[in-house]
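S.K.: Going down the list, the sequences are from chains A and B. Just so you know, we're using this note's numbering here: the first sequence kicks off at 66 and counts up by one. Just so you know, we're using this note's numbering here: the second sequence kicks off at 66 and counts up by one.
One or more of the hints may lead you astray.
Same chains, same names: a pair is fine if it fits in one copy or spans any two.
[Unchecked claim] Result set (DSSO-like, lysine-lysine): computed pairs, CA atoms no more than 30 Å apart in a straight line:
#1 LYS161 x LYS282
#2 LYS113 x LYS212
#3 LYS161 x LYS195
#4 LYS260 x LYS212
#5 LYS212 x LYS161
#6 LYS282 x LYS113
#7 LYS212 x LYS195
#8 LYS161 x LYS113
#9 LYS212 x LYS199
#10 LYS199 x LYS131
#11 LYS212 x LYS131
#12 LYS131 x LYS161
#13 LYS113 x LYS260
Because the hints were derived from the structure by calculation, they are not lab data.
2 protein chains.
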Amino acid sequence: MIYELYYWPGIQGRGEFVRLALEEAEAEYIDVALIPEEEGGGITAMEKFFEDESIERPPFAPPFLKAGRQLIGQTPNILLFLGGRLGLAPRDTASKLWTHQLQLTIADFVVEIHDTHHPLGSGLYYEEQKLAAKRRSKDFLANRLPKFLNYFERILDRNSADGPWMVGTRLTYVDLSMAQIIAGLHYAFPSASRKTLRACSRLRALHDLVFARPHIKRYVASGRRLAFNNDDIFRRYPELDG
Amino acid sequence: MIYELYYWPGIQGRGEFVRLALEEAEAEYIDVALIPEEEGGGITAMEKFFEDESIERPPFAPPFLKAGRQLIGQTPNILLFLGGRLGLAPRDTASKLWTHQLQLTIADFVVEIHDTHHPLGSGLYYEEQKLAAKRRSKDFLANRLPKFLNYFERILDRNSADGPWMVGTRLTYVDLSMAQIIAGLHYAFPSASRKTLRACSRLRALHDLVFARPHIKRYVASGRRLAFNNDDIFRRYPELDG
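Here chain A stands alone, though its shape is the one from the complex (with noise of 0.2 Å):
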């Protein structure tokens, strides 16, 4: 089977959580915005199913997988599909459910450090929101950044499989994930995350190892990961980081 996945060129964004997984279990996939349009990729091949009516399960925006006839959005939802098909995903249902919830928890997460930047929403520029997003950006790095790393650092504490990874004994989807958050807040926050993940020494750990593992030090160094930017979820404006 070879993937098809769906989401806006240029940008890592919420692609990017599907494209470790696929990385790192070495699936074909073709990525198709980024294929040239006149070969039959870019914006055009993505937006087609967004306003062909034929289609009856449509997903509400990218990113999306298609996988033979089956089309799947909502990155946590592709994730769920793909973690037992990729082998990134425990085999007894209680601990599916529980890697599903740690990503749910992590898409939460995204949400908000997205809105650091643009708290009065996406139909506006971040100059006509600098102000709204200093003072969010205050709350969220305060509060809701150490909340957040606080608790994924006690879930690797408390695996009581008691290696590095976030459930059970074998790396999942979820471990990718984490790795890729802990990076982008690297890139957004570099003071205020360099001072809360101090004491968060098994996060640390997680991201370094996750971004050694060979497959996916292949894909960095292929040029294939897109670099971060001030177009995505992370995004550096200096102002922001306390």
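Fit chain B to the given chain A structure using the hints.
M.R.: Just chain B now, with coordinates in the frame of chain A:
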């Protein structure tokens, strides 16, 4: 099995999406935080789960559900778990995933609805962010509200089973959640939501059908369904209603 639901007392909040599923299915459950403290309930009973260091898989936030020895957090995850058990989910795997995908889109919608009155963060009072709330609400009502509602109307329209429900021929948990969203929007934005819902006859019908179902009617009439109020996700601030 007697389920134990844990959620903040005094508001419907995210707990209500779970309650509606339990009520529709006539499942036995205890709404633990609504039981008096002296009888072992209240917030104390709920907070125990956040403080007890022996819990290997603690939830990040309410609501969470205790089913035997399993503890399940994140509203869409709870409904994914309950769906099959309560007969409120389709049977085939692809449709199960699709129902969950819709529930995740509803969860995204809920965050945006909440953030209309708290754009600068939950750590501040509404009164401290009134101006920002006005700007965020303006963007929300002009762009996001129609985008979400028109999407869900389209889903109803395209369901090839051709009945009143979102997935297949039978009511699922996502129909209950969708009806709750419409009820909440009526409360929070009576004027703006009426205008946007004019073009959404299927969503209006879905709302009416759900709240006319015998078990849901009985639940509403029992007095156990808390009233909408301004400590909740859906809040009525007339100055935000367009």
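S.K.: Which hint numbers doesn't this structure obey?
M.R.: Hints 3, 6, 10 not satisfied by this model.
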